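Participant: Here's the letter readout for the chains.
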Amino acid sequence: MTQVSMTVNGKAASGQVEGRTLLSSFLRDELKLTGTHVGCDTSQCGACVVHVDGIAVKSCTMLAAEADGADVSTIEGQANADGSLNVIQQAFQDHHGLQCGFCTPGMVMSAAALLKDNPKPSEQEVRDYLEGNICRCTGYHNIVKAIMAASGQDVGAIAAE
Amino acid sequence: MYNFDFEKPESVADAIAALQGEEAQALGGGQTLIPTLKQRLASPSTLVSLKGIAEMQGVCMGDDGSVCIGGATNHATVAAEAGAYPALADTAAHIGDPAVRNRGTIGGSLANNDPSACYPAAALGSGATIVTNARQIAADDYFQGMFTTALDEGEIITEVRFPVPEKANYQKFVQPASRFALVGVYVAKYADGVRVAITGASNDGVFRWAEAEAALSANFSASALDGLSLSGDDMISDLHGTGEYRAHLCAVMTKRAVAAA
Ligand SMILES: Cc1cc2nc3c(=O)[nH]c(=O)nc-3n(C[C@H](O)[C@H](O)[C@H](O)COP(=O)(O)OP(=O)(O)OC[C@H]3O[C@@H](n4cnc5c(N)ncnc54)[C@H](O)[C@@H]3O)c2cc1C
Ligand code: FES
Ligand code: FES
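Chains as they are written, first to last, in our numbering: chain A, 77 to 237; chain B, 123 to 383.
Just chain A, same shape as in the assembly (with noise of 0.2 Å):
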C-alpha cells in the first residue's frame, strides 16, 4: 500500500492505496463519491469521467497513484456554491438531457471539459466530443441541445425533442 494525496473538488483527500487501485474506486469506495458512475469498467462508456489537472479521462482507465499529487474534478464539484446546478447541469435538466441519469455525471464531465477549450462549439463538434459518452436512453440529440444551450448558442433549429 502506498498513499496518496490529490486535491478533489478543492478539497485536501488522502489514503492508502494499491498499486492497482483504479482512481474510479479511489474516488467511490475510499472518498464516497459515488457521482462517478462505473458504466463499462472496460474504458468505452465515459460515465466514469472526471478531470485531473483540467484534463478530462477515464477514471476507470487510470491508477489512483498516477494521480498523486494532482488537482481532480468530480461531478460533486460541479453545482455552484450555494448548491444550485451550474449552467450546464440547468441546462441538461431543462433541455430533458437525461433520463435514468447513468451517463450523465460523464456528459456533464465531458461537457465541461469540452466548453473550457471551445466556448461556443457547433453541434458537430458537440457530437464528434461525445464520441467516448455512451447513454443507452436519449438518443443523444437532448444531450447536444443541453451542451449548445450551456454555451448561450439558440438551440431551437437542433434536432427535435
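Bear in mind the hints are in silico, worked out from the structure with no lab data behind them.
These numbers were taken from a predicted model, which means no experiment stands behind them.
Here a beta-carbon is modelled for each residue, glycine too, at the ideal position from N, C-alpha and C.
Keep in mind that the hints are not guaranteed to be accurate.
[To be verified] Some chain A residues flagged as far from chain B (calculated, every beta-carbon gap over 12 Å):
id, residue
1, G86
2, R104
3, G111
4, I234
[Unchecked claim] Below are the DMTMM-like pairs computed for lysine to aspartate or glutamate, each with C-alpha atoms no more than 20 Å apart in a straight line:
id, chain 1, residue 1, chain 2, residue 2
5, A, K192, B, E132
6, A, K87, A, D105
7, A, K192, A, D230
8, B, K160, A, D117
9, B, K173, A, D147
10, B, K173, B, E132
11, B, K173, B, D127
12, B, K173, A, D129
13, B, K289, B, E335
14, A, K196, A, E207
15, B, K311, B, D186
16, B, K160, B, E277
17, B, K289, B, D326
18, A, K192, A, E152
19, B, K289, B, D136
20, A, K196, A, D170
21, B, K311, B, E277
22, B, K130, A, D147
23, A, K108, A, E152
24, B, K173, A, D144
25, B, K130, A, D129
26, B, K173, B, D136
27, A, K87, A, E152
28, A, K192, A, E207
29, B, K173, B, E203
30, A, K108, A, D144
31, B, K130, B, E277
32, B, K160, A, E152
33, B, K173, A, E94
34, B, K160, A, D129
35, B, K130, A, E94
36, B, K130, A, D230
[Claimed, not checked] Partial chain B-side listing against chain A, Cβ under 8 Å, derived:
id, residue
37, F126
38, G152
39, K173
40, M183
Assemble the complex: chain A is given as a structure, and chain B with the ligands must be docked to it using the hints.
Facilitator: Frame of chain A; chain B with the ligands shown alone:
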C-alpha cells in the same frame, strides 16, 4: 486485476533501471494496458509509469526538419502541437475519443502495435525513426507482425521522429464499436517517392502496399490506382468484415487518401 507495485521515475535512466526488475513493465497512458490487466491477460509485478519523465514529453522540430515527438506524449498534445505535420496531427486527433487522447501515448501505441491502430500506419507511412533508450530503429525494421515489434525486453520508446512529407493524408474507416480502424490507409508523398501504409487489414499487422507506392510515385493521383487491388486471402476476417471486404476497403481508402492529401 492482479496487484502490482507502482513506480513513477522522473528520468529515462531511472525508468530503465526500474524496468530491470523481474516482471516489471512500462506504463504509458494505460489506455491499452489497464484494460489488459483487468482481463488478467498480463500480470506484471511492477508497473513503471513513464508519465513523470519530462524528457519524454512534447513535440519539437529536429535539426533536419523532422517533427520529433516524445515517447510519452499523449495523442491530444500531438493533435494540438504537431501542426508542422498536419496529416500526423489529424491522425492523432481521430484516435479513440477525447478522454483516450488525453491519456494514451505514441510510445504506448507503437509498442503495442495493435493490428488496427492508427499510429503504426502513420509511422510506417512516414518512414519514421523510432528512438529508444538504446538505439534508433527505422519504421521498416520496427514493425514485425501483429502485436510484435523490434523492441527488446525493458527497452522503451523515448522519441519518434517523422520526416515531414510534401503531402500526406490518413483515411480511417472507423469500426463503430471500438473506434479503431476497420481499415486505415496512410499515404505520404516525399521528394524521393510515395509511401502507403495500411492498418486494420492484415493478419501480419501494418504493411506497405508496394504496387500502390510505385503507381503513385509515377503519378500522384487517385486514377493511378485504377485496376490495383490486394488479395483478401490473408486479411483479417471477423464479424465486422471479411478479408475480401477489407481488401476492397484498402483500395478505396488509398484513393480517398490520395485525393485528400
Ligand atoms: C475506447 C478506446 C478507443 C481507442 N481507439 C483507438 C484508435 O482509434 N486508434 C488507435 O490507434 N488506438 C486507439 N486506442 C488505443 C489508444 O490509442 C492507446 O492509448 C494506445 O494504444 C496505447 O497507448 P498507452 O500510452 O495508453 O499505452 P499503455 O496502455 O500504457 O501501454 C501499452 C503497451 O505499451 C507498452 N509501453 C507503453 N509506453 C511505452 C514506451 N514509451 N516504450 C515502450 N513500451 C511502452 C506497455 O508496457 C504496454 O505493453 C483506443 C483505446 C481505447 C480505450
Ligand atoms: S466506466 Fe470508465 S469508461 Fe465506462
Ligand atoms: S440517461 Fe440513461 S444512459 Fe444516458
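Participant: Now tell me if each hint is right for this structure.
Facilitator: Hints, one by one, checked against the model:
no.: 1; hint: G86; verdict: 21 Å, holds
no.: 2; hint: R104; verdict: 16 Å, holds
no.: 3; hint: G111; verdict: 17 Å, holds
no.: 4; hint: I234; verdict: 21 Å, holds
no.: 5; hint: A:K192 with B:E132; verdict: 30 Å, violated
no.: 6; hint: A:K87 with A:D105; verdict: 17 Å, holds
no.: 7; hint: A:K192 with A:D230; verdict: 19 Å, holds
no.: 8; hint: B:K160 with A:D117; verdict: 9 Å, holds
no.: 9; hint: B:K173 with A:D147; verdict: 16 Å, holds
no.: 10; hint: B:K173 with B:E132; verdict: 8 Å, holds
no.: 11; hint: B:K173 with B:D127; verdict: 16 Å, holds
no.: 12; hint: B:K173 with A:D129; verdict: 14 Å, holds
no.: 13; hint: B:K289 with B:E335; verdict: 14 Å, holds
no.: 14; hint: A:K196 with A:E207; verdict: 18 Å, holds
no.: 15; hint: B:K311 with B:D186; verdict: 17 Å, holds
no.: 16; hint: B:K160 with B:E277; verdict: 24 Å, violated
no.: 17; hint: B:K289 with B:D326; verdict: 27 Å, violated
no.: 18; hint: A:K192 with A:E152; verdict: 18 Å, holds
no.: 19; hint: B:K289 with B:D136; verdict: 39 Å, violated
no.: 20; hint: A:K196 with A:D170; verdict: 19 Å, holds
no.: 21; hint: B:K311 with B:E277; verdict: 31 Å, violated
no.: 22; hint: B:K130 with A:D147; verdict: 18 Å, holds
no.: 23; hint: A:K108 with A:E152; verdict: 11 Å, holds
no.: 24; hint: B:K173 with A:D144; verdict: 12 Å, holds
no.: 25; hint: B:K130 with A:D129; verdict: 17 Å, holds
no.: 26; hint: B:K173 with B:D136; verdict: 13 Å, holds
no.: 27; hint: A:K87 with A:E152; verdict: 12 Å, holds
no.: 28; hint: A:K192 with A:E207; verdict: 17 Å, holds
no.: 29; hint: B:K173 with B:E203; verdict: 18 Å, holds
no.: 30; hint: A:K108 with A:D144; verdict: 18 Å, holds
no.: 31; hint: B:K130 with B:E277; verdict: 16 Å, holds
no.: 32; hint: B:K160 with A:E152; verdict: 27 Å, violated
no.: 33; hint: B:K173 with A:E94; verdict: 19 Å, holds
no.: 34; hint: B:K160 with A:D129; verdict: 25 Å, violated
no.: 35; hint: B:K130 with A:E94; verdict: 14 Å, holds
no.: 36; hint: B:K130 with A:D230; verdict: 47 Å, violated
no.: 37; hint: F126; verdict: 4 Å, holds
no.: 38; hint: G152; verdict: 6 Å, holds
no.: 39; hint: K173; verdict: 7 Å, holds
no.: 40; hint: M183; verdict: 24 Å, violated
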